[in-house]
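The sequence shown runs -2 to 192 under this note's numbering.
One or more hints might be untrue.
Said to hold, decoys possible - Okay, derived cross-link-like pairs now, DSSO-like style, lysine-lysine, Cα gap no bigger than 30 Å in a straight line:
| no. | residue 1 | residue 2 |
| --- | --- | --- |
| 1 | K179 | K33 |
| 2 | K60 | K36 |
| 3 | K166 | K99 |
| 4 | K16 | K2 |
| 5 | K55 | K36 |
| 6 | K152 | K175 |
| 7 | K75 | K61 |
| 8 | K175 | K55 |
| 9 | K1 | K171 |
| 10 | K75 | K26 |
| 11 | K61 | K36 |
| 12 | K87 | K2 |
| 13 | K36 | K87 |
| 14 | K54 | K166 |
| 15 | K36 | K2 |
| 16 | K75 | K16 |
| 17 | K148 | K2 |
| 18 | K148 | K99 |
| 19 | K152 | K33 |
Think of the hints as simulated: they come from the structure by calculation, not from any bench. The model shown is predicted, which means the values in this text are computed figures rather than measured ones.
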Amino acid sequence: MKLKKALLVVDVQNDFCLKGALAVPGGEKTVPNINKYIKIFSRNRLPIFATSDWHPKKTAHFKKYGGLWPVHCVQGTKGAQFHPELRLPKETVLLYKGMYPKSESYSAFQAEDENGINFLNLLKVLGIEEIFIAGLATDYCVKFSAYDAIKNGLKVKILTDAIKGVNLKPNDSKEAVKGMVKAGVKEITLNNMEP
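Model the full structure from these sequences, guided by the hints.
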């Protein structure tokens, strides 16, 4: 049986892009390459998943309630919408995370679809064994999603020309990629992409 692959697009939302409430430096610059990956997966009829941070107004995730971050990606706001140039096909499976006031939910594996089915169960139903990860941010949601994927026995490829990091410390993204590779993640780019 051919290994079933899927693309995971992590949190390419307005609040993480230029002028957003928690802008990842250069976050919007990932969009053209992500769109190219989307085309490849669509053309090969492989599943595409896209996560959204989907926070309530009050959550332990936000600074004013004891968390690390400014208010961002509040449910139903413009900041929580996908970047306007992101070209997700209509069959994309949308996943939501960070909905619960007391949890951080950095990983796509803490996300669920609109029916409340979590990401891992969706992957199992579809027989997915390998995921390709793009999006924001390298040092948080991308990293934690990759680690959880490895932990759950999946093969993982990180699309290094389609990710950007927050870099609270200057080397956070580099260190995140190093750590992922050490854990068994493979780095690829459009140049060596084999769908």
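Worksheet item: Which numbered conditions among the earlier hints are violated in the structure presented, ordered from lowest to highest?
Response: The structure breaks hints 2, 4, 5, 8, 11; every other hint is satisfied.
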